[in-house]
Structure formats: structure tokens, C-alpha cells
Amino acid sequence: MVVRMVEAVGRTSIGAWQRFLGALEELGRATVIGLRGLANLFLPPVRLRLIIEQTEFIGVSSLPIILLTSAFTGAVFTLQSYRAFAIFGAEAMVGGTVGVALTRELGPTLTGLLVAGRAGSAMAAELGSMRVSEQIDALEAMAVDPVNYLVKPRLAASILSMPILTAIFDAVGVAGSYLVGVYLLGMSKPEFLVRLGDWVDWDDIWTGLFKATVFGLLMGVISCYKGYYTTGGAAGVGRATTSAVVVTSVSVLVTNFFIAWLLP
Amino acid sequence: MTDPHHVVDPVTGEEAAIVYEGVYKAFGDFEVLRGLDLVVPRGRITCVIGRSGTGKSVTIKHIMGLLRPDKGRIFVSGRDITAMSDRERRKVRLKFGMVFQNAALFDSLTVFDNVAFPLREHSKLSKAEIADRVQHMLAQVGLSGASSKFPSELSGGMRKRVGLARALIGNPEFLLYDEPTTGLDPILAAAMDALIADTQAANPELTSLVISHDMKAVLGIADKIVMLYEGRVVHEGTPDYFRNSDDALVRQFLEGSLDGPMKV
Ligand SMILES: Nc1ncnc2c1ncn2[C@@H]1O[C@H](COP(=O)(O)OP(=O)(O)O)[C@@H](O)[C@H]1O
Ligand SMILES: [Mg+2]
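Here the protein sequences come in this chain order: C and W. Note that the working numbering has the first sequence beginning at 1, numbered continuously upward. Note that the working numbering has the second sequence beginning at 1001, numbered continuously upward.
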């Protein structure tokens, strides 16, 4: 009885330990491919055309969802905070509150989550299917470094696109907020704009865009890593894609907290 | 094998171009290669046959360092590629062309761009020269009309021929074919075999290594046949040796019968 319990505890802890080691190994391999991708930014061939293509892909594929989400986020946030502020007659604070929340938190975080779902998944799926159909082997066989050819452009495009899309998110979100505040809730234009201008600092905007850049890096590294090391055929591509989105989303939320904590 | 740098192939009497010396490779607990010794003569067609899953693709991927052996050495033109730096290995890869089992064409590129890829990466030829060479090569494999198509628009047989064109375009010293006829109908398979033989006849310096599970097909084109079984070479010889062999394993493989030493 006691022996069985000890055995069971032993087995579980060995299992947990192995899972921990597995996670550590994954983290290590992801870091290595991320660093190799970044180092390749400074190594020839430059692959400018591929970088532009990938940036265009991420930007264009994500733009509709970013526009839609940002407009409605700004709108609903304005509606709710107006109702709350109205209780103690502070409706004028709506513009500023929404502006700060969007630029610092909602803009980068929601953009990170949305782009991970839209473009990160596509990157992981593309690299994954290139892996299982031996296209990555073919690159190596032709003496072309797949990290330089495949990972670098996607990494660069992710790092470049995320802040741009976040800036668009911020602007359209504020516009949505303005439309709801002024035309639906009947706030006066100066009332909305003065507080917006007073409260939103360049600091807020820069912090938000810095976060977005970090999220872009995370998405690029995680999606490329998951795709690059895909095994197990079509099912494996599906797993890699899902896991790229999930891991990126969690990393975005956790990193967001730590940046908010360290960069007040 | 006494001196792996200067080996003469016992079957053809030719100088060895590629030598495997006691190569072991396992994936996890699963041992694929268990002491593989293999000599590939220069300027000839060598065929490696074995059942699906015996490690034929694994064998071929070791030559260019796409996989690393757990134990053993592999010599290409007398130089041990397992002891090379990445940069040296990349140089060696330029001497190879590889036709992958499922062609491994780049989905995102047209047929023309696929075939032009190695030249664009590694040569300093002008656009016009590249276009000339690509068109010439496509004509050689009977695909002149398909240059602007994408791989997804091609049949399996056409894809393999594009793969061959891509492998040949850099004038390789060694040409590796992974199951060139698998998945083709008998007529296309015969056409592919003829193409392999013609390619060899047109380039007498070329060393060809063909991986196949179809013994009958390789009897017609091989100068040397090597039979792989349970991770080792069990028979090697000329096609006549295999035609006249009364070894149970060889007979079973030739006749595709269920009775014999190999179990399903
Ligand atoms: N990268 C890999 N990881 C794990 N197992 C592999 C890998 N490559 C091949 N194998 C396994 O090795 C065995 C031999 O594979 P392969 O060389 O592709 O066989 P074939 O002779 O049909 O070409 C198979 O059982 C395959 O599942
Ligand atoms: Mg195979």
C-alpha cells in the first residue's frame, strides 16, 4: 500500500519532471531559431522582396479584422464608460479614459491576439506544410539556409507589422469612440476632444507601440518555431497551427502584464 | 573497407564516389539503420531497393547531411561529410541534385521559378541566361508548356519531372532520386525510368543513386543494385546477379509474394 503510493508519487513526479524538461527544451529550441532568425537580418542574402511580401501578407490579411474590432471596441467601451461616469456626472472623462486604455492596453493586446489568430496561424501552417512535404529539406539540399529564406522574412514582417497595425487599431478605436460619444451619446465635440488630448500622452502611445513590437517578435518566433519543427503529416500541421495561436496568445497576455508592471 | 578514401566498387569495378561506413541511425528507440555499409560507384546508376519503411529515404538524406548518423561515417569523393563544418557541408551540397519522393516543389512558386531557384540562389547568370537554361531544361523533361503553372496544377508525374529539372539545372556531380516512379501509372513510370537512363547517358560523369521499392523497374536501368533489409545491406550485385539469384529474400522481393522471410 505505502509502496504503491510512493511508486505513484514517484511516477507522477517523474512525469511532471519530464514534462518540465520537455517544455524547457522547447523553449530552448524556440529561442535558438528566434536568435538565428534575428541574426540573419544582418546576414546575406537580404531577401527584401520576401520581407515585403510577408509584411504585405500580414498587413493585408489582418487589416479587415483589425478595423472591425478596433471600431467596435472603441464604440462599446465608450458606451459603457459613459454610463458609469454619468452616475457621478463625470461624462467628460470618457474621451481621455478610452484614449489611454486603447493606446496603452487594448490596442496592442487585442491586435496581438487578432494577428496571432489571423497571420500567426497562417505562418505556422505554411511552414508546417513545407516541412511535412519536404520543401524545407529541399531548401537545405539546394544549400539554401531555410532560416534565412523562410524564418527571417516572417520574423521581420511580424516585428514590423504589429506596431503598424496597433497604431491603426488605436486610431480607428478612438474614431469609433468619438462617433459614439458625439453622435450617439450627444457629448459636445470639445468635451470629448479636450480630455482626450490632455490625458493621452506620447508616452502612452510609445508604450503601446513598444508592446506591440514585442508581441510581433513573440508571434514571429513562436509561429515559425511551431511550423518549422512540425512532424506527423497533415494532422501535425493542424496541431502546429493551433498550438502557435494558443502559445502566442498566452505569451501576449502574460508579457503584457509584465511590461505594464515594469513600465508604469 | 580498409581505406575509405580510396575504395573500388566490387560490383562495377569503378572508383567509389560515395561510401557509407557502418552507419547507424535511430529515431528514439526505433533503429532504422543498423550498420549500413554501402558503396556508390562513380559515373554509374546505383539502385537501392528495400521495402517501404526500411529507411531508404533516411539513407539518402544522410548523404547531404540532412540527417546526421548516430554512428559511422559517410564519404563523398573521399571526404567525410559527418566531420565537416556547416559551411563545408553547404559547399558539398552544391554538387548534388535531389529528386524528392513527392517532388517537394515550392508551392508558392511557378514551375519556371522552381527550376530557376538553384540558379538564382547560387549562380551569377543574367536573367536571360537563366530563362534560357530553364526553358531548355523544361524541354528536356517534356514540360515546355507548363512553365507558368503552379505545382498544385500539375499531375504527380509532371511534378516529379519538374523536380528532376530542378535537380539537374545546376549541373550536379551526383543525382539522387527518392522513389522516382512511386505513385506513377506504369506508362509514366516507364517514361521516368527512360528519363533517368537518358539523363545518365547524356552526362557520363554523373553519379546517380536511385531509391526504389520496385525491383523489376530498377533491373532495367541499374548498373548496380543494393538490397536493404532491416537497416543493413543484405545483397549487392549487377541486375543479372539479382535476376539469377535463388536467395529467398531476393525471390520474394522480385515476385512480390507473401511467402518468404519477409513478413507483412
Ligand atoms: N525524421 C524522422 N523522425 C522520426 N522517424 C522517422 C523520421 N524519418 C523517418 N522516420 C522513420 O524511419 C523509418 C524509415 O523511413 P524512410 O526512410 O522514410 O522509409 P522508406 O524506406 O520508405 O523511404 C520509418 O519508419 C519512418 O517512420
Ligand atoms: Mg521513402
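No wet-lab data here; the hints were simulated from the structure. Just to be clear, a hint being listed does not mean it is correct.
[Unchecked claim] One side only, chain W facing chain C, incomplete, derived with CB under 7 angstroms: (1) Phe1027; (2) Leu1066; (3) Leu1067; (4) Arg1068; (5) Ala1083; (6) Arg1090; (7) Met1098; (8) Ala1104; (9) Glu1121; (10) Phe1150.
[What the hints assert, rightly or not] Just the calculated beta-carbon pair ranges, DEER-fashion: (11) C:Phe20 to W:Gly1013: 36 to 42 angstroms; (12) C:Thr231 to W:Asp1080: 26 to 32 angstroms; (13) C:Leu43 to W:Ala1131: 51 to 57 angstroms; (14) W:Glu1031 to C:Leu67: 29 to 35 angstroms; (15) W:Gly1078 to C:Leu43: 50 to 56 angstroms; (16) W:Pro1010 to C:Ser13: 31 to 37 angstroms; (17) C:Glu53 to W:Gly1053: 35 to 41 angstroms; (18) W:Tyr1241 to C:Thr31: 51 to 57 angstroms; (19) C:Phe20 to W:His1005: 45 to 51 angstroms; (20) W:His1136 to C:Glu53: 26 to 32 angstroms; (21) W:Gly1053 to C:Arg36: 31 to 37 angstroms; (22) C:Ala8 to W:Leu1254: 38 to 44 angstroms; (23) W:Gly1053 to C:Leu41: 36 to 42 angstroms; (24) C:Arg36 to W:Gly1183: 32 to 38 angstroms.
Since the model is a prediction, treat every value here as computed from it, not as a measurement. Glycine included, each C-beta is placed from N, C-alpha and C at the ideal position.
Structure-based check of each hint:
{"no.": "1", "hint": "Phe1027", "in the structure": "violated, 10 angstroms"}
{"no.": "2", "hint": "Leu1066", "in the structure": "holds, 5 angstroms"}
{"no.": "3", "hint": "Leu1067", "in the structure": "violated, 9 angstroms"}
{"no.": "4", "hint": "Arg1068", "in the structure": "violated, 12 angstroms"}
{"no.": "5", "hint": "Ala1083", "in the structure": "violated, 18 angstroms"}
{"no.": "6", "hint": "Arg1090", "in the structure": "holds, 5 angstroms"}
{"no.": "7", "hint": "Met1098", "in the structure": "holds, 5 angstroms"}
{"no.": "8", "hint": "Ala1104", "in the structure": "holds, 4 angstroms"}
{"no.": "9", "hint": "Glu1121", "in the structure": "holds, 5 angstroms"}
{"no.": "10", "hint": "Phe1150", "in the structure": "violated, 13 angstroms"}
{"no.": "11", "hint": "C:Phe20 to W:Gly1013: 36 to 42 angstroms", "in the structure": "violated, 58 angstroms"}
{"no.": "12", "hint": "C:Thr231 to W:Asp1080: 26 to 32 angstroms", "in the structure": "holds, 29 angstroms"}
{"no.": "13", "hint": "C:Leu43 to W:Ala1131: 51 to 57 angstroms", "in the structure": "violated, 29 angstroms"}
{"no.": "14", "hint": "W:Glu1031 to C:Leu67: 29 to 35 angstroms", "in the structure": "violated, 55 angstroms"}
{"no.": "15", "hint": "W:Gly1078 to C:Leu43: 50 to 56 angstroms", "in the structure": "violated, 31 angstroms"}
{"no.": "16", "hint": "W:Pro1010 to C:Ser13: 31 to 37 angstroms", "in the structure": "violated, 56 angstroms"}
{"no.": "17", "hint": "C:Glu53 to W:Gly1053: 35 to 41 angstroms", "in the structure": "holds, 38 angstroms"}
{"no.": "18", "hint": "W:Tyr1241 to C:Thr31: 51 to 57 angstroms", "in the structure": "holds, 53 angstroms"}
{"no.": "19", "hint": "C:Phe20 to W:His1005: 45 to 51 angstroms", "in the structure": "holds, 47 angstroms"}
{"no.": "20", "hint": "W:His1136 to C:Glu53: 26 to 32 angstroms", "in the structure": "holds, 29 angstroms"}
{"no.": "21", "hint": "W:Gly1053 to C:Arg36: 31 to 37 angstroms", "in the structure": "holds, 32 angstroms"}
{"no.": "22", "hint": "C:Ala8 to W:Leu1254: 38 to 44 angstroms", "in the structure": "violated, 55 angstroms"}
{"no.": "23", "hint": "W:Gly1053 to C:Leu41: 36 to 42 angstroms", "in the structure": "holds, 41 angstroms"}
{"no.": "24", "hint": "C:Arg36 to W:Gly1183: 32 to 38 angstroms", "in the structure": "holds, 35 angstroms"}
Of the numbered hints stated above, those contradicted by the structure are hints 1, 3, 4, 5, 10, 11, 13, 14, 15, 16 and 22, listed in ascending order.
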